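Working from the sequences, and respecting the hints, build out all of it.
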Amino acid sequence: MTKAKPINRRDFLKIGTCAAGGLLISLVIPARATPRLAMVSAPATATLNAFLRISEDNSIHIVLSKVEMGQGIWTTLPMLIAEELDCDWNNIKVEHSPPGKAADFTEPLIRSSTGGSESTVSEFDRYRQAGATARTMLVSVAAKRFGVLPQDCRTENGYVLAGTRRLSYGEVATEASTLPIPSVKLRDPKDWKYIGKSQKRLDSPDKLNGKAKYGLDIQFPGLLVALVAHAPVFSGKVKSVDATPAKAIQGVRAIVQIPSGVAVLADHFWAAKLGRDALKIDWEPGENSAIDSNAQREEYRKLASTEGVIVQKKGDVASALKNAVNTIDAEFYFPYLAHAPMEPLNCTVSISDDKCEIWAGTQSPLLHQAEVAAFLGLKPEQVAFYTPFLGGSFGRRGSFSSDWIMEAVHIAKASGKAIKLVWSREDDIQGGYYRPVYVHRVQIGVGSTGFPVAWQHRIVGQSLFVNTPLADVIVQNGIDYSSVTTGRPYSDAIPDHSFELHTTTVGVPVLPWRSVGNTHTAFVMETLIDELAVLASTDPVTYRRILLNHHPRHLAALNLAVEKAEWSKSLPKGAFRGVAVHAAMGSYVAQVVELSIDNQQIRIHRVVCAIDCGLAVNPDGVRAQMEGGIVYGLTAALYGEITLENGQVKQSNFHDYRMLRMNEMPVIEVHIVPSTGSMGGAGEPGVPPIAPALANALFAATGKRFRRLPIRLDDIGKP
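All the letters of the sequence shown, read from the start, carry residue numbers 1 to 719 under full-length UniProt numbering.
Please note that the accuracy of each hint is not assured.
Okay, the calculated beta carbon distance ranges per label pair [what the hints assert, rightly or not]: (1) Trp-192 / Gly-507: 48 to 56 Å; (2) Pro-180 / Gly-210: 43 to 51 Å; (3) Asp-191 / Lys-355: 29 to 37 Å; (4) Pro-619 / Leu-179: 33 to 41 Å.
The set of hints was computed from the structure by calculation and includes no laboratory data.
Small disclaimer: the values here were computed from a predicted structure and weren't measured.
From the three backbone atoms N, C-alpha and C, an ideal C-beta is built for every residue, glycine too.
This is how it looks when you write it as structure tokens:
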């Protein structure tokens, strides 16, 4: 048996009886449980957001402390409780956190939000403890009724058994709610029947039959649909507006001006859209009208040639570069990227004298609840925040400024109406926020052995976290650590190196994008390591193995991927391979890409992926996230680019901000490394290696290096 970590009454906020009878265990988040990020607190009156409820009808209700946005935690987190509770999987019902009442604890912002591929890692102990606590209490009551000691009882599939006698959990749940909090022990891994074994997703049936509720599905009598005309330039302001033509559109009910633009309220979406199209607005563009992607790139290139803020430095790089046998001087460019979740942003708001109700798919309900309450002059518990399913996010619904939610609240307050704000696809693509533009400049000195002896690496780009609630954690001494890599693990083997950062200020709103800084740093490191291997006349896998000799988890992922891809075997004529390995969010992922070029078109045939994420709680869930990450990463590598001219975004929809199509999909194979290492995430680490593996395969096919994304064959040789 595994002894659980100590847990006190602050960790279990409430143990009591449900309204309909049963056992309710409500949890707060213990501060000791954040493994990879420090904690930032939200307002002291935060909303209760995680509990387990066992009803008299034997149903097991699990309320998520995180939000389900396609990553599979609707299944993975209940598996943790089910393992220790020993319940019937078919009796589990899952829901997002209800609006709740103010609680007497301070909820950590990072832990109350969903992101960073942290959900399963952060909840692993806490959810198991909840299940074990409930089971121990249920067994205590059943043992008393049986007239035996608790240790003479066992549990199975939602029942407590002693010999031939048995009681269902529902039969003893209400009485169990009167017991004090017990000390618990967690099951030995050898006895697990759920954890580590694939389970079918609990949210799939409702998502297939249409019962699942997304934000766009919210509807009730009197609700109006609102669309906003935003300034064509970021931070532009309304100089004047003629709403007369819009008011003439049938179904348009009101037009209100708000800080972010002009909102049209109508009976339905199409009327609101026609009304918005009919508005005559004179805009004051402001200083951001000068932003131009080409000029920005040139400015970044110049900055990259100068010394930045030192992130990490060892030895004398300048001297080592001079004395090197060979050198590589490379510059890389990465454009703005839109998140483009399948469900565009939306938010429904209803405001009364002493209450505000909000329906919105967001990664940070508590953060937004506090901001809305402060704006309306309400207490946080007067803002009921309902969380439907999220139709994707990739970071966009993790906005720290609550941008679209506050926009909806402004409309509801100004109009006095219950409204559902809907962003169109064009609003989403052109209205921000984005993964920032980055430029890397790298100079490498190569020694006589063919391995790097000097590495100077400069990165230029906007900060993601400055002026956000996480600034004190992630931005230190002027360095946004989400923007920069220290080159590890490869830098450990380089005697003289420096990694530097230039943080720019640009009037384009930015947000973390799936896998954050790894989206560009992995590409630079893994394509350069590949280039060094070729320069040394060494197989790229062999070269990596030498450099990663003291990094067993990188090696384990790399070795499994190349084994399954049959790296040592020759490919058919016209087919080529590339490899990359990268660690992100605590997991280690290697990928091998097989492709060919047909009529100047890249054809990706196969991707073999291996991941060491420590314990894979739900292996099928891990595989699904790797597959999704590969598709998302390939989309960005081949097509992703947001460009600005005269301060305006040129792209508008999926015709010019393309997604990977079905006919372009490769065969994807995902293999999980058997591992006893610390647990990592799965939602994001599948993204970073795919672009460099693709670029390395293209080098094998063309003999040319690609220094910018998205990859285009006609860019071969361009700086």
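For each hint, the structure was consulted:
One distance hint, 48 to 56 Å for the beta-carbon pair Trp-192 and Gly-507, holds here, with the actual separation near 52 Å. Taking the beta carbon of each, Pro-180 and Gly-210 are about 45 Å apart, inside 43 to 51 Å as hinted. Here the CB-CB span from Asp-191 to Lys-355 is close to 48 Å, at odds with the stated 29 to 37 Å. Hint check: Pro-619 to Leu-179, Cβ distance near 36 Å, so the stated range 33 to 41 Å holds.
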